[in-house]
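All chains should be built: construct the whole structure from the sequences, respecting the hints.
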Amino acid sequence: MAASIRKRVLVLYLAVFVLVCLVCASARAHYMWIYVMDYAPDPGQKISLSLGWGHLFPGTDVMKNEDLEEIYAIGPSGKKLKVTPEPEQGKFRIEAPGDLPGAYLIIAKRKGGYKTKTTEGYKSLPKKDLKNVISSAYREMNAKAIVIVGRSGKDTHLQEEIGFPLEIVPTEIPTDMREGDSLSVKVLFRGKPHRGFVHATYTGFTADEDTFAYAAKTNKDGIAKIKLLKSGIWMVKAEHTTPPSDPELCDEHLFVSTLTFEVKR
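Counting in the working numbering, the sequence shown runs from 16 upward without gaps.
These aren't lab readings, by the way, just hints derived from the structure by calculation.
Below, simulated DSS-like cross-link-like pairs (lysine-lysine); rule was C-alpha separation at most 27 angstroms, straight line:
{"no.": "1", "residue 1": "95", "residue 2": "124"}
{"no.": "2", "residue 1": "240", "residue 2": "124"}
{"no.": "3", "residue 1": "138", "residue 2": "126"}
Here it is in structure tokens:
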């Protein structure tokens with residue numbers, strides 16, 4: 016009887032340990048964002064940006080170009096614009112046409128892939144191909160940034176859906192947002208309103224990883240309001256996990272989406 020009880024307790028402890036590992040793996044997952052050197056350049060000025068990567072915004076780490084699936088911009092006219100890599104890893108640029116002031120939406124998508132934690136470290140393989148697996152996830156990530164060149168008009172293209180599995184869409188244009196205002200964003204999962212939390216932070220808020228200045232839960236329409244506590248560069252982040260399509264490959268399917276923009280004084 017005592018041996019049976021000890022066995023049950025051991026199984027319970029192991030189950031709790033695995034659950035904690037899975038939660039921590041999800042919470043500690045790296046994420047990407049677009050960081051623009053000047054979110055309000057003059058017409059005709061080059062727009063330079065980097066692809067941030069890690070747990071601390073804005074941080075200093077950048078995502079490797081080889082991990083990028085696509086990156087482009089949509090100009091005020093709705094035309095798709097090319098984003099060109101710089102010689103330095105993780106750095107890019109677009110040319111802002113002098114006769115097209117307005118809002119530019121920069122869009123990037125990371126290649127989907129596995130991230131599996133083992134007793135020997137992290138591997139970019141499904142768990143069925145590895146031994147001593149602690150946790151495993153298949154990750155899909157995307158990022159957007161809003162750049163305002165000169166004066167902005169209605170810029171309704173900023174509110175259009177790109178079609179990512181998990182996506183943040185601003186329902187308001189942050190052109191004239193100021194410290195103390197609130198920005199509404201819509202979070203969609205597979206095209207439908209997503210219920211969950213979004214987290215937001217701004218440059219200079221903290222030097223601690225995975226720490227955010229604000230959190231809000233979306234309503235039934237997928238909309239959350241972010242209180243813009245300070246002026247500066249802001250990042251909004253949404254995250255969602257689902258069970259895997261094949262449990263032999265990973266433990267969860269992770270989706271992350273971010274949006275960056277500037278709040279004026």
